[in-house]
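Protein chains: 2
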Amino acid sequence: MQDVIASLEKTRTASHALAALPPHRVAEALNALADHIDAAAADILAANALDLADMPKDDPRHDRLLLDAPRLAAIAGDVRKVAALPAPTGIALEQKTLPNGLKLEKRSVPLGVVGVIYESRPNVTVDVFALCFRAGNAVALKGGKEADHSNRAFVKVIHETLATFGLPAELVYLLPPLREATTALLQAVGLVDICIPRGSQALIDHVRDNAHIPVIETGAGIVHTYVDESADAEKAKKIIENAKTRRVSVCNALDTLVIHRARLADLPFLCAPLAAQNVEIFADPYARKALSGHYPDALLKAARDEDFGREFLSYKMSIRTVENLAEALAHIAQYSSRHSEAIVAEDAATIDTFLNAVDAAAVYANASTAFTDGGQFGMGAEIGISTQKLHARGPMGLQALTSYKWIVRGDGHIRL
Amino acid sequence: MQDVIASLEKTRTASHALAALPPHRVAEALNALADHIDAAAADILAANALDLADMPKDDPRHDRLLLDAPRLAAIAGDVRKVAALPAPTGIALEQKTLPNGLKLEKRSVPLGVVGVIYESRPNVTVDVFALCFRAGNAVALKGGKEADHSNRAFVKVIHETLATFGLPAELVYLLPPLREATTALLQAVGLVDICIPRGSQALIDHVRDNAHIPVIETGAGIVHTYVDESADAEKAKKIIENAKTRRVSVCNALDTLVIHRARLADLPFLCAPLAAQNVEIFADPYARKALSGHYPDALLKAARDEDFGREFLSYKMSIRTVENLAEALAHIAQYSSRHSEAIVAEDAATIDTFLNAVDAAAVYANASTAFTDGGQFGMGAEIGISTQKLHARGPMGLQALTSYKWIVRGDGHIRL
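Sequence order for the protein chains is X and D. Numbering-wise (the working numbering), the first sequence opens with residue 7 and increments by one. Numbering-wise (the working numbering), the second sequence opens with residue 7 and increments by one.
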């Protein structure tokens, strides 16, 4: 994989060219790219058809792979939205004058070269480029073999757009769709500043366990909502329905309802909207008894141990009954993947205890966990949701694609 | 290494206890620890004597390992300084109300469990604990085998102090001084939130290449100072002397002087203080010619290729002559380890170009690179100097030992 290393070296060098590019030119280039995607739609769809031809229609990846006119228009639209975001670099994050007169500025700068490893979805190629480029970064993209024609078509359009702005094609390097290329990327210490895996847990585990370069882990959400003794039942019902059924395949979807024993009698009311959507419930003995006769028999199962700490990603949910807040916190501490956790309660002290104690990227009181999303949090866009604590936690917007440097101005200062 | 994993699990659990500890209690515990170190001096020195007995006096590690009454007093004093620093956690970093009424707060929180792998210096045991504890973190410490008696003596004192505050001993876990323990620590995904290696480049490389948990790289500084055509010679002379000779063994010490060709005639003047301190110079042909007859012959060598991009950590320095600023920037981009870089110049436009273009943790104009240090930057203390761009760059103070979480308060909010 010497050619991959050689190409990454060129991408590293090209990334320096971006430092000198004024933010308004970046916006212009992104808008030009969006126009170019619109204009090249026929070519992109033709390339996509080649990928689709090799993918069985009943494979779940078929839909992820599929591009059509509305999806292409949405991709171009997202690029225009990113173009409109303010540049996250060149900002003085901190300024101070030391007692000795040295002037310090902590200034936001691009990360440099961002590596992203992803699977079937070709739109990621454009999304990732747009966000990284807006933050002044070059990108090394490793897409799935099954999307290679589509990815190459997108990268061709990006390269052509960059050329019209006098920018080097090496700013965007699409690696060959080979496992050895992934290995080379993960070991490119000094050439790639960060790697973000986007895809299945198996992909994320592979990247984390094999990378020599820094990684930001995104991934699984094992999500709880605790209905406290003091909960408002109406709010709880709406929140449970929304968190469980708004989109079952996303990482912020509800997996386990934790309920205070004093509110077991409310369970039929709380779960009524779930029955209407055929949500299968794995209930502990208390919850099962409370729901029995009030929830469709076919959808009401006894919970096994493995139904707690399980990310369902489907119309399924488990229920755990607890004696008190402490037991709820203990259950969540044991099973949470530290993504999104919620409490429904009216008692202010209980809410504060929960919000302080729960260790997760996003902790909610009286709101649906479905809000864990960069767009919803007002970041304008999102490159992923970090489940680690280093660098970025939770939804990652443009700021997560920056670092900083210390600029120090003196007048012949020496250290004594 | 099942026992290491089991202990790390206990440390993870114990870390939750810290979340509830008010900041003033942390400060009290640290002050008590400092007193306890003073009181236990005889025991600690006795343990240290056992380590020293196995270490040859001519081994450079002997001095790093050595504790004596003044050094112990300094260690206790540093703990008191950390106690006096404000807690970096529980701070609202950002607050906003979304258009839908959801209230968001981005609040600083501890990382959780911080792993530190280090070598001969037993003082690191106390330094790291104090900083991590001030930021609300539990620690997993893996010290060198050669310092094990000393490390265990310090950890005993820490455990006894924690006990008097009702805090679990598991907050500080000293791993056995075995390579397998390092491996277990580096693979403790979900138990240890971050690993900071402190020591030789070989140690750092091993940690980076084998860790499955997030790592912050600290390490080598290949440091340049560029003397521009517009430089003030007096300032340049002082800065070069300070950056090179203040302490030659540190990572921010000057390695390569880059000089504009128009200022070659100033080289004898600029280097005069170095001759007085027997600094060996590896000069390119232009610089060598300029210094010849003005610098002790025995100390003036022809630079080989490998003398550029070399971290000397001793009384040695290379000199490279350049035609202009662009050539200086290219040299630095090629050889810099992105730690600390400086320009000496009076021309404002040249200074700005340099400060913008150079990619390093700290970039200086008219000041010595010796200032790259958490204490000097006003951080109060330093856990290390990061040479990566993720999470923290340059000197890392208490803030680098924190993460954040999003606290979201609603009133029955659901996402449409």
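One thing to keep in mind: the hints can contain errors.
One copy or two, either will do: identical chains are not told apart, so a pair holds if it fits within one copy or between any two.
[Claimed, not checked] Listed next, the in silico SDA-like pairs over lysine to any residue satisfying Cα-Cα at most 25 Å (straight line):
1. LYS109 x ALA363
2. LYS112 x GLN405
3. LYS112 x ILE97
4. LYS244 x ALA309
5. LYS87 x GLN8
6. LYS151 x ALA239
7. LYS109 x ALA47
8. LYS162 x ALA332
9. LYS112 x GLY96
10. LYS112 x MET385
Derived from the structure by calculation, the hints contain no laboratory data.
Right, here's what the structure says about each hint:
no., hint, in the structure
1, LYS109 x ALA363, "between (39 Å within a copy, 18 Å between copies)"
2, LYS112 x GLN405, "both (14 Å within a copy, 14 Å between copies)"
3, LYS112 x ILE97, "both (8 Å within a copy, 19 Å between copies)"
4, LYS244 x ALA309, "within (23 Å within a copy, 74 Å between copies)"
5, LYS87 x GLN8, "neither (37 Å within a copy, 51 Å between copies)"
6, LYS151 x ALA239, "neither (49 Å within a copy, 59 Å between copies)"
7, LYS109 x ALA47, "neither (52 Å within a copy, 41 Å between copies)"
8, LYS162 x ALA332, "neither (56 Å within a copy, 32 Å between copies)"
9, LYS112 x GLY96, "both (10 Å within a copy, 22 Å between copies)"
10, LYS112 x MET385, "both (22 Å within a copy, 13 Å between copies)"
Comparing the model with each earlier hint shows violations of hints 5, 6, 7, 8; every other hint is respected.
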